[in-house]
Each structure stands twice: as C-alpha cells, then as structure tokens.
Amino acid sequence: MAAEGTGHHGPMEQFEIKKIIDLDLLGHDISFTNSSLMMVLAFAVIVGYMLFAMRGRALVPTRIQSTAEVVYEYIAGMVKENIGEEGMKFFPWVFTIFIFILVLNIFGLIPGNFAVTSHIIVTFALAAMVWLVATFVGFWKHGVSYLKLFAPSGVPLWLMPIIIPIELTSYLIRPISHSVRLFANIMAGHTMLEVFAGFAVLLPWWGKIAPTGFMVAFTGLELLVAFLQAFIFTVLTCIYLNDAVNMHH
Amino acid sequence: MFAGTTMLFAVAAEAAGEAAHKGGLPQLNPHTFETQLFWLVVTFLALFFVMSKIALPRVGEVIEERRDRIKRDLDAAARLKDETDKALADYEKALADARSNASGIAKDTREKLAAETESERHRVDEQIAGKLRDADSRIAASKSKALSAIGDIANDTARAVVEKLIGQDVSSDDVKKVLRPVAGE
Chain A
1 MAAEGTGHHG PMEQFEIKKI IDLDLLGHDI SFTNSSLMMV LAFAVIVGYM
51 LFAMRGRALV PTRIQSTAEV VYEYIAGMVK ENIGEEGMKF FPWVFTIFIF
101 ILVLNIFGLI PGNFAVTSHI IVTFALAAMV WLVATFVGFW KHGVSYLKLF
151 APSGVPLWLM PIIIPIELTS YLIRPISHSV RLFANIMAGH TMLEVFAGFA
201 VLLPWWGKIA PTGFMVAFTG LELLVAFLQA FIFTVLTCIY LNDAVNMHH
Chain B
250 MFAGTTMLFA VAAEAAGEAA HKGGLPQLNP HTFETQLFWL VVTFLALFFV
300 MSKIALPRVG EVIEERRDRI KRDLDAAARL KDETDKALAD YEKALADARS
350 NASGIAKDTR EKLAAETESE RHRVDEQIAG KLRDADSRIA ASKSKALSAI
400 GDIANDTARA VVEKLIGQDV SSDDVKKVLR PVAGE
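As given, the protein sequences belong to chains A and B, one line each in that order. For what it's worth, this note's numbering labels the leading residue of the first sequence as 1, then goes sequentially. For what it's worth, this note's numbering labels the leading residue of the second sequence as 250, then goes sequentially.
Hints should not be assumed to be uniformly reliable.
Claimed, not checked - From the structure, some residues in chain B lie toward chain A, with a derived Cβ separation under 8 angstroms: (1) GLU283; (2) PHE293; (3) MET300; (4) ALA304; (5) TYR340.
Since the hints were derived computationally from the structure, they do not count as laboratory data. Idealized CB from N, CA, C, for every residue including glycine.
Work the whole structure out from these sequences, hints included.
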C-alpha cells in the first residue's frame, strides 16, 4: 500500500499519547505529553481570555467583555433553568466543566493539535467527578431518602420490582453514557477527518478535490459538534445535579 | 468514484490492521492513563480555582452592578414620572378650582344683578301704583266735584224752566227741596 510506503499515518495515529518531557512521581508516570500540553494551553487560553475580557470591568462592555458575559449568562441561565436558584452554588464548577471541554474540543480541531477529549479516560474522569459530586450532594442533602430517586412516586406498587432495577441501572450507568457520548463523538469526527485527509494525500490531483471539499465542510460540522458535545455534557451535569438537589424526576 | 471507494476500504482496513498491530486503540492503552489523569486533575483544579475565585466573580460583579444601575435608573425615572403626574394633577385641579370659582362668581353676580333689577322693578312698580292711586283719587274727586256741579246746574236749569213756565221766581232752596228726591239723595 502507498501508506506503508510513506511509513506512517493511519487514522488512529493522531490519538497516540506522545511524551514531551519524561516525568515520574513516586513511581507513577506523570510525563508531560501532547495531551498535557493541550490541557495546559487550554487553561492558559481560558484564563487569559477571561482576565483580558474583564480587564476593564466596564459598565458598558467592550466587545470582548460582552462575549465573556454572554458565556457567563448562558451557563448561569442553564444552571438556573435546570436546578433553580439553589443551583448557583455549583455555577463556577459547571462553568469550568463547560469552558474546559469546549476549548479542548475546539483546540483538537486545529490541524496538528491533539484532541484531549478523544480519550475515554479523560471524559470518564470528568463524568465520574460529576457523578460522584451529584451522588454526594444527593445523600448529603436528603440522607437515605435520596434512595427514593429510584422509586418514583405515582408508580403502581406492582411495577416497583421492574422500575427500581431500571432506575438503579440507569443511575449507575450515568458516568459511562455521559463519558462515552463525548469521547465517541470527538474520536469519530477526528477519525473521519483523518481518513479523508488520507484520501486527499493518496489520490492523484483530480481525486483530491472531492475529499478536500468534504473535509472543509466536515470541519465546519465538527466545530458544531465540538460546541454541541460540550453543551450536552454540561446540560447533563445540570440535570444530574438537579436530581441530587431537588429530587425531581 | 470506484477508485475512491476502493481506497476508502483500503485505508480503513489498514487503520484497523495498524491498530491491531500496535495493540489496540491508543485510547485503550492503560499505560497512558496515569499521566492523563494527573494533568487533567492539575489543570482542571487550577482552572476551577481561577474561575471561581477570580474570573467569574468579576463577571458577576459587573453584571450585578449593571443590573443595579439600570434598576436605579428605572426607579428614578418612575419616581420622576410620578412627580410629573402629581404636578399635572395639581395643575388640573387648580384649573378646575379656578373654573368653578369663576363660574361661582359669575353666578353670584348674575343673581345679585337679577335681585337688584327685581327690587328696582318692584320700586318702580310701587311708584307707578302710587301715582295711579293719586290719579284715581284725583279723578274721583274731580268726578264727585263734577257730579255736585251737575246738581247745581240742574237746580239752576230747573229754576230757570220753572220761572219760564210759571213766570214766578222760585227760590233756589225750594228747587233743591223738590229735586232732592229725584236726584236720589
């Protein structure tokens, strides 16, 4: 195959973790990798953007300040809508989740960059954090009666033996569905892009046009997916928190 | 087109082969988990700290302040509008008062003038009535004087007639005596 001739570039190679600086902490590998670089860059860009945008703290905002306020109000609105005024305690945390995932997703789309959120371990860690926080808040706020979440009121008694296992399973599976949705979307999109980039490289000039055009269009779609998946992850975080805070089902 | 489709399968097959060759997807290589988790925790916590302690309070403050400011301005506007409404109501009330005052004065004046006219008319009527009474009494006096004069004329005439008839002078008293019953006295 021609690809073997060039020596590398399978569509999965983009997901390889590559060490930049070898680091070791008490026998644990904490090397600074392409993934770590993206996370640190995302941190720096988000902090830089927020502080730069709000540097004037103007009553009549500048354009960049307006954008920061729009993101703020957007997430604040989402939290209030899903959890209520009480949910604003969690707002900084929800905001951090949203903007971190959003920026990591978008960074991943820049050619040559590494998509941190295409790794299940990262999305699973985030989802597990959400699940643990929600579960902890639920028991802390409602005590043992938080378990009533699995036995919704208004369901006939004879249905309980069926409903309770279903509810329990769906609750326990949340961190998996929550994390796989994000990971699979980002990974699938990046794989598609790489596959078509492979065509564009391999085909003769008249064959390059179609896959290149497709990639341009598909990059636009992926930009939408990058936002949408960050949005969905955040909305689900709010919904899980709402279960914990209000026990509405 | 056909070449493209063939190529797609070839690349996909190669990708699968390569992944299998290297021991699965890079995502499923547990050797990379520790470093990813470590840096995720570090960057996420750092980001959470900066957002919750510095960045978000700044945004919140500005939005809050703007909301307060707008609310204050709206309140002030509402207060000024109330004041304007009150001033307008006062003005209209004053106007209405003045109007009713004016119409009251006009009414009083009209009534006073009417009363004056009435009393004047009354007085004139009275005067006329007095004059009429005087005239009446004068007429009555003239009438009775005329009537008594008629008696004398009748006496004189009767005396003259009797004298002519009988050729004898008759005293005026006798004529009077005779005529009295005729005159109905």
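Okay, the hints, checked on the actual structure:
1. GLU283: holds (5 angstroms)
2. PHE293: Since the shortest Cβ distance to chain A is 6 angstroms, the answer is holds.
3. MET300: Result: holds, 5 angstroms to nearest chain A Cβ.
4. ALA304: At about 4 angstroms, which falls below the 8 angstroms cut-off, the nearest Cβ of chain A leaves the hint on B:ALA304 intact, so it holds.
5. TYR340: violated (37 angstroms)
Checked against the numbered hints listed earlier, the structure breaks hint 5 alone; every other hint is satisfied.
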